[in-house]
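J.: Using the sequences and the accompanying hints, generate a full structural model.
Chains as they are written, first to last, in our numbering: chain G, 1 to 288; chain S, 289 to 691.
Incorrect hints may appear among the rest.
[Stated by the list, open to error] Okay, derived cross-link-like pairs now, SDA-like style, lysine to any residue, Cα gap no bigger than 25 Å in a straight line:
1) S:Lys-385 with G:Leu-111
2) S:Lys-522 with G:Leu-256
3) S:Lys-636 with S:Ala-488
4) S:Lys-522 with G:Ser-132
5) S:Lys-600 with S:Val-376
6) G:Lys-285 with G:Ala-176
7) S:Lys-432 with S:Val-690
8) S:Lys-522 with G:Ile-134
9) G:Lys-122 with S:Gly-573
10) S:Lys-432 with S:Gln-352
11) S:Lys-385 with G:Ala-102
12) S:Lys-468 with G:Tyr-259
13) G:Lys-89 with G:Ala-100
14) S:Lys-522 with G:Asp-261
15) S:Lys-678 with G:Pro-121
16) S:Lys-681 with G:Gly-114
17) S:Lys-468 with G:Ile-134
18) G:Lys-182 with G:Phe-153
19) G:Lys-182 with G:Ser-93
20) G:Lys-122 with S:Lys-385
21) S:Lys-467 with G:Glu-258
Quick caveat, the hints were computed from the structure, so don't treat them as lab data.
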Amino acid sequence: MEQVIANGLYLGAQYALIALGLTLIFALMNVLNFAHGQMYVLGGFVTYSIYGQLKLPFLVALICSGVSLAIVGALMEKFLFRPVIRRSKREESTMLLAAATAFFLDALILLLFGEKQRGVPKIVSGVFISDSVILPYDRIVVGLIAILMIAAFMLYMQYSKPGRAMRALAQDRIAAQLMGVKVERYSMIGFALGAMLAGVVGGLLVSITGVNSGIGGPISIKAFLMVMIGGAGVVGGAIAGGFILGMMESVGLTVLREYGDVTYLVIFALLMAFLSIRPHGLMGKPWG
Amino acid sequence: MGSEMINRRSTLKSLALGAVSILAIAVASTFPAQAENKELKIGFVGVTSGPAAAWGTSNVRSMQTRADWLNEAGGVKIGDDTYNITIVTFDDQKDPKRAIAGMEKMAQEGIHYVVGPNVDDGAAAVRPVAESKGIIYFPYAFPKSLYVAPASNAVLGMVANYQSGPAIYKYLKENKSVKKVAFIAANESDPISQRDSGVAAAKELGLEVVAETDTYQNDTRDFTPVLTPIVQLKPDLLVLSGVAPANAPLLIRAARELGYEGLISAETAQDATVLQEGAGELANGFISVGGASTPEIRTPLMEEFIERYTKKFGEYNDESNTKVYALEYIIETLKANPKAIDDVAEFKKTIDSFSAPNPYAKDGMLKYVGTTSFGQKRQVSVPMVVTEFKDGKFETLFVGEVD
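T.: The following block contains the structure:
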């Protein structure tokens, strides 16, 4: 059972990090970013190219993944989402735009990086073995980095000026604007930050799970699942959703093993039941 | 002023027409053979994106490499005419609905011979279209119903898992003392049907099957939770049924990192670069069905094919050793019966008696097989090469033959 819990915690940490960027963008702009998974994939391929191909240090590759995705996010916000939000009052306009962006990025990534699964050398070798738990050191390192990044992100949102501005925007856009918060600037920073998180986690995980051009969609779906569990637009909710999903997966795959592949069936059934009782998730607010 | 302009325009037009005519004559005299050649379109409907993309990509690249090569040599003579080969491709994204659309597209383009689809549900989905529109297709899919009468338009393009599986398990039982086997498959129709036939084959050989219902979502990125309970059962052999090339290194890595020390095998073709990048030395010893060629049996033509493919696409895929055959079978069968060029009934008639030298394997013959498995010849004959992965390369374990 210790192994199952360790697997769940590790999965939860990486899931939480994936969901953070998605929920941040939703909180700030009310945009369901369907391209979040594709941003993750792009980040993975940047790290693959720099660390795996050019043989530069992993940290350099990770920074490059974050910076390049932040730029992509900022450009997307400025030239795509901002004009659409300005011109259209209908929420589905941004959803359609996000879906189109996802398809576009899918095609672009396929064109640039090819169809093959790509991987990079392990960042740390060796396996931690005790009587009850076996965990490779690279997973421990990645899990710790993920937890540190989540903590750093929360501190940034809590205490920095941009963080406070973004929280104000998330709570009440008009009130924040009346208080002098520059909506456009902080929306762009928020979108860039969300994209950067996707890129960094993609880069981080390429050392363990590799990356291929077709995984963007499934990653987005999983991220939405976590956000739905925790509550859309709430940072704490995304983290809770990530850990809950990770633990449910790990426990389900062991406990329900003899019944076949029913783990996700059970997770989806529980999620439907849960949402019918609490449609705004664990920490979301009923009023949005 | 007006007439001056008209004159100038007429002069310019005449000059342009003259230039185009001279250019056309020059081009025509430079490439007389190509200009006379007819066009023979061969289709491909299969997966070239997503986790299983390597399967379809190796098809497309093999076909394009061979077609370019044949065209460069002046085309293919079928009957009294010489044809240039054009490959028309369609990515079905491993989605049966898109596979149907792809096959419809082939029919609209007047194509009678199609390579693909790469997976079971796609191949089953396109069957009605292929049969109603007069298309012979070469799937890389294993359901026997596609090849057993009354079905007659599909020709299996490789060795099926129920043909290679028993051979692999028997070899491992006799040579590596394998007694306990565990199976794991993606929760999709192809891998599950391959797992079921693998389980049946293993039981028939007297092996103890300790896990036969374990599955995973095909988009799983971390296989540690899935493999934890299986590794605890300590099987001698872990079979990754129908595993996609993108998932194989992740499964191998997770199993090894959990302390699994037994053998790991798959009956699907894999990609050496993907295995090396994703699992490195942890993939050493991994057994799979390789491409239908080894250095010992390949001809100089096969060597040249590999060289041309690598030059064209940057890196070679071992699976293309198998995928090179479908186009060759189509062309050679059409050569044997030119009436089949637009009449698939003629093609079917030729299948039973067709035989030609195998250009890619020493002492081999191109012939249709499958009578034992399907009751009729609906499979291409290719060498069954079982390989072991070692330090970034596939090494031949043994070579067999079907039928």
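J.: For every hint, state whether the structure bears it out.
T.: Here is how each hint holds up against the structure:
no.: 1; hint: S:Lys-385 with G:Leu-111; result: 23 Å, holds
no.: 2; hint: S:Lys-522 with G:Leu-256; result: 19 Å, holds
no.: 3; hint: S:Lys-636 with S:Ala-488; result: 32 Å, violated
no.: 4; hint: S:Lys-522 with G:Ser-132; result: 16 Å, holds
no.: 5; hint: S:Lys-600 with S:Val-376; result: 18 Å, holds
no.: 6; hint: G:Lys-285 with G:Ala-176; result: 18 Å, holds
no.: 7; hint: S:Lys-432 with S:Val-690; result: 15 Å, holds
no.: 8; hint: S:Lys-522 with G:Ile-134; result: 15 Å, holds
no.: 9; hint: G:Lys-122 with S:Gly-573; result: 19 Å, holds
no.: 10; hint: S:Lys-432 with S:Gln-352; result: 29 Å, violated
no.: 11; hint: S:Lys-385 with G:Ala-102; result: 21 Å, holds
no.: 12; hint: S:Lys-468 with G:Tyr-259; result: 21 Å, holds
no.: 13; hint: G:Lys-89 with G:Ala-100; result: 18 Å, holds
no.: 14; hint: S:Lys-522 with G:Asp-261; result: 21 Å, holds
no.: 15; hint: S:Lys-678 with G:Pro-121; result: 17 Å, holds
no.: 16; hint: S:Lys-681 with G:Gly-114; result: 21 Å, holds
no.: 17; hint: S:Lys-468 with G:Ile-134; result: 23 Å, holds
no.: 18; hint: G:Lys-182 with G:Phe-153; result: 21 Å, holds
no.: 19; hint: G:Lys-182 with G:Ser-93; result: 23 Å, holds
no.: 20; hint: G:Lys-122 with S:Lys-385; result: 39 Å, violated
no.: 21; hint: S:Lys-467 with G:Glu-258; result: 22 Å, holds
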